[in-house]
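Kindly produce the complete structure, drawing on both the sequences and the hints.
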Amino acid sequence: MSELGTVTFGLLLIAAAVGGAAVLTWFERRLLGIWQDRYGPDRLGPLGIGQVVADMLKLLTKDDWVPPFSDRFVFVFAPTAIVVAMLLGFAVVPFAPQLYVLDINIGLLFFLGMTSLAVYSVLLGGLASNNKYALLGGLRSAAQMVSYEVFMGLSLMGVVMLTGSFSLRAIVEAQRDLWYCVPQVLGLFTFLIAGIAESHRLPFDLPEAEHELTAGFHTEYGGMKFAMFMLGEYLGLILISCMITTLFFGGWLGPWLPPLLWFCLKTFALICFFVLLRGAIPRPRYDQLMTLGWKYMLPLTLLNLVLTGALALLLEGQRHV
Amino acid sequence: MLHAQVTGTSEAVDDLFARFGAAALARQATADDTPTLWVAPEQLLEVLAHLKPRFPMLLDLFGIDERHRQHKPTAAGDFTVVYHLLNLAHPDEIRVKVAVADGGSGVPSAAGIWPNANWYERETWDMFGIEFSGHPNLRRILLPPTWEGHPLRKEHPARATEMPPFSLDDDKQAMEQEALRFVPEQWGMARATDDAQFMFLNLGPNHPSVHGVFRIALQLDGEVIVDAVPDIGYHHRGAEKMAERQSWHSFIPYTDRIDYLAGVMNNHAYVLAVEKLAGIEVPERARVIRIMLAELFRICSHLVFYGTFAQDVGQMSPVFYMFADRERLFGIIEAITGGRMHPAWFRIGGVAQDLPRGWQRLVREFIDFLPARLDHYQAMAMDNSILKQRTVGIGSYSVAEALEWGITGPALRAAGMDFDLRRDRPYGGYEQFEFEVPVGHRGDAYDRAAVRVEEIRQSLRIVRQCLDNMPEGPYKSEHHLTTPPPKERTLQDIETLIHHFLHVSWGPVIPAGEASFPIEATKGINNYHLVSDGGTTSYRTRIRTPSFPALQQIPLISRGLMIADLIAIIASIDFVMADVDR
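Protein sequences appear in the order of chains A and B.
Per our numbering, the first sequence starts with residue 1, numbered consecutively.
Per our numbering, the second sequence starts with residue 1, numbered consecutively.
The reader is advised that the hints may include incorrect statements.
Stated by the list, open to error - Ranges of calculated distance between the beta carbons of each label pair, as one might list FRET restraints: (1) ALA400/B to ILE34/A: 48 to 56 Å; (2) SER250/B to GLY19/A: 57 to 65 Å; (3) ALA160/B to ASP64/A: 36 to 44 Å; (4) ALA160/B to ILE34/A: 44 to 52 Å; (5) TYR120/A to THR146/B: 42 to 50 Å; (6) ASP64/A to ASP170/B: 24 to 32 Å; (7) VAL306/A to ALA400/B: 51 to 59 Å; (8) GLY19/A to PHE369/B: 38 to 46 Å.
These are computed hints drawn from the structure, not numbers from a lab.
Predicted model only: the values in this text are computed from it and were never measured.
Just so you know, even glycine gets a beta-carbon here, dropped at the ideal spot from N, CA and C.
Now the structure itself:
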């Protein structure tokens with residue numbers, strides 16, 4: 001793509017991602033509603049989609065209040081960090097063979113870096129609020145980050161080994177014969193769990209944990225700043241779904257339909273999966289969550305690495321023979 | 001009744017007389033035949049300690065202001081403190097009373113004998129100003145710390161219009177808020193150890209998981225709970241005071257709102273106690289109708305518990321399904337009573353109306369429909385491994401602890417005590433029904449839920465038996481003290497017209513006396529102790545609710561656990577703040 005084309009696509013992508021996240025707030029409530037024998041927001045516009053606009057208007061017109069006891073600069077900065085980090089993460093996603101903002105040879109590392117940055121937002125928000133519930137939320141998010149960042153990166157190394165590259169386009173191209181969800185089923189499983197933890201959604205919404213910490217790290221946030229946290233969370237959800245599509249489900253690959261449509265369909269299916277997961281599972285206690293991370297998930301990812309390594313060597317050996 | 005013969009003998013009473021001698025004890029006759037003994041304040045603790053092995057549970061402790069009472073028991077002074085003790089292994093009860101002079105030296109605290117006496121004594125001090133010597137922390141419990149006076153004393157006004165107009169200016173608001181600040185030193189808590197500071201977290205009274213306006217001040221070390229202080233009273237409406245100004249009949253709607261999830265269940269305890277005082281026999285059909293409604297409301301209440309329990313451990317969906325089922329049930333209740341959560345449908349001597357035509361179909365459809373749903377919920381919630389991880393072994397207590405703290409109902413059965421008033425001391429017609437009493441064994445949050453889930457099925461069984469065997473006959477007693485009085489002949493002769501007019505306008509005059517009636521409500525034992533002075537209103541109404549002692553016990557079972565566990569514990573207790581504060 002030309003320079004201009006890339007910039008245009010980048011801007012379009014930002015608009016699509018933010019718009020998608022906004023629509024997702026409505027979509028999630030409707031889907032959960034149907035699942036839970038109720039309607040959800042169905043009054044405004046066709047199927048209630050107007051709710052998105054109403055919510056945005058409401059949030060935009062709310063008093064932009066900063067608690068006097070908070071650390072003002074950090075308090076305002078925190079919610080923007082998550083949105084910026086998540087949007088940057090979209091830059092490396094290849095939506096179709098020629099549809100991407102950046103194709104760098106460390107694309108995967110870039111994605112991991114950006115999602116890690118997003119955790120600061122939660123942490124700083126919790127600390128800057130100077131509120132006990134927010135502090136506990138921040139504390140939990142730190143504990144969760146320490147436990148899950150470790151195997152999140154490792155769970156993807158199997159994919160990298162099989163491809164031999166960190167470039168996301170190369171990873172998609174390498175799945176022409178067989179999607180990585182088959183040979184990397186362990187990697188998919190562990191990355192899925194790490195991904196939910198990364199986007200702070202039930203059952204891993206411990207930093208927020210409405211029933212325990214009222215609203216956790218964003219207890220003191222309201223109006224647009226609160227909306228930024230929500231936006232960040234939904235962007236995270238879309239981004240994780242995009243990444244799983246790219247890494248394990250062959251990205252844009254698929255017969256008959258245009259590549260972009262394939263990509264969107266797969267991502268959409270994953271988003272639905274995440275939404276329904278939220279409706280199904282209770283929330284573990286945070287020490288149980290850490291136990292799960294360290295005692296089960298980390299060994300599982302390591303096992304996956306060893307197995308993948310052996311497989312890769314075996315294939316290599318056969319090729320030489 | 002004060003002139004009536006003391007009836008009913010009890011081994012426990014004989015034993016007491018043998019031990020302390022007839023001079024130290026005075027017997028009082030009551031309409032409910034529960035042995036009632038007066039003792040001197042000096043001997044009180046000795047008598048209570050002597051009774052404890054036989055009656056391990058302090059069911060209730062409350063005060064009575066005797067100063068305006070016409071039909072006073074001979075041993076009574078200005079105030080009376082009543083101790084209601086219960087033996088569950090061999091169902092038996094006894095009441096110990098002690099007279100206190102106004103402004104006198106008070107009575108010794110029983111908190112050393114039963115730990116749950118602590119809150120009851122605070123309440124009695126709060127309401128009557130009766131001092132309990134040796135009480136560890138005698139401060140207000142239901143009323144704000146800034147309150148002046150003791151509201152259940154007869155001279156205290158009952159209505160806002162009897163007091164100067166209320167206003168809340170900024171200074172007063174600041175003062176009231178400051179008075180609510182949690183001061184750890186008042187509760188004997190340290191602010192720090194040698195190497196770490198504790199965090200004090202104010203959980204509630206506005207918090208998503210405290211089920212109403214309930215506040216717990218937590219002493220935290222990280223996220224681990226070192227100690228907790230439950231603070232109640234934010235939902236206090238003075239129901240017991242209101243009972244002293246409503247007629248016997250017009251108090252019924254107030255009882256609905258005591259445990260607002262259990263509707264007619266509260267009516268049941270109240271009307272049974274009034275009927276005992278008045279000596280009313282309720283016709284068979286009315287008894288079975290009452291049981292059917294009470295069990296439908298038990299299902300209602302347990303469904304709310306089930307849903308919110310799952311929700312509080314983070315499972316989002318079950319509560320919606322269960323509320324939908326509850327909604328169906330409300331449809332039936334509405335068809336029968338005209339009301340939903342607060343039908344106020346029981347009457348002294350029966351129920352308000354006969355069952356509507358076609359009620360069988362509604363009830364049958366529901367009881368055929370629910371079991372499959374319960375199976376579904378079992379798989380969804382109770383069998384979920386994360387839910388188990390969160391609740392198994394969390395907040396557990398033994399049977400002995402539960403008895404010490406006055407825990408009753410499903411929460412007691414969860415610990416392994418096989419006791420249910422409906423089976424072991426049947427009231428209101430329960431002796432005719434077949435059902436099982438589910439019992440747990442760990443006494444933890446999970447078992448408390450599991451017992452309730454099984455109780456839903458047993459309640460369905462009882463409702464089915466009501467459906468299949470509903471007797472014919474009147475739905476209300478012919479007794480002259482029932483409300484509303486029969487109207488059929490009022491336009492034929494003047495005597496019945498006068499009778500009807502007075503009973504509708506003033507209400508019936510219930511004979512002087514005392515009676516209480518413990519029932520197995522949804523959350524444990526609910527007991528109305530009524531004192532009639534031979535008037536159209538109650539002289540004293542004491543409402544013992546199961547939620548009150550359950551909250552008192554929270555610190556004991558949550559120390560050393562985490563905030564998330566505390567939420568699971570609170571969810572598993574199944575309390576209603578209206579039931580706690582009254």
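_So, against the hints stated earlier in the document, which numbers end up violated here?_
none
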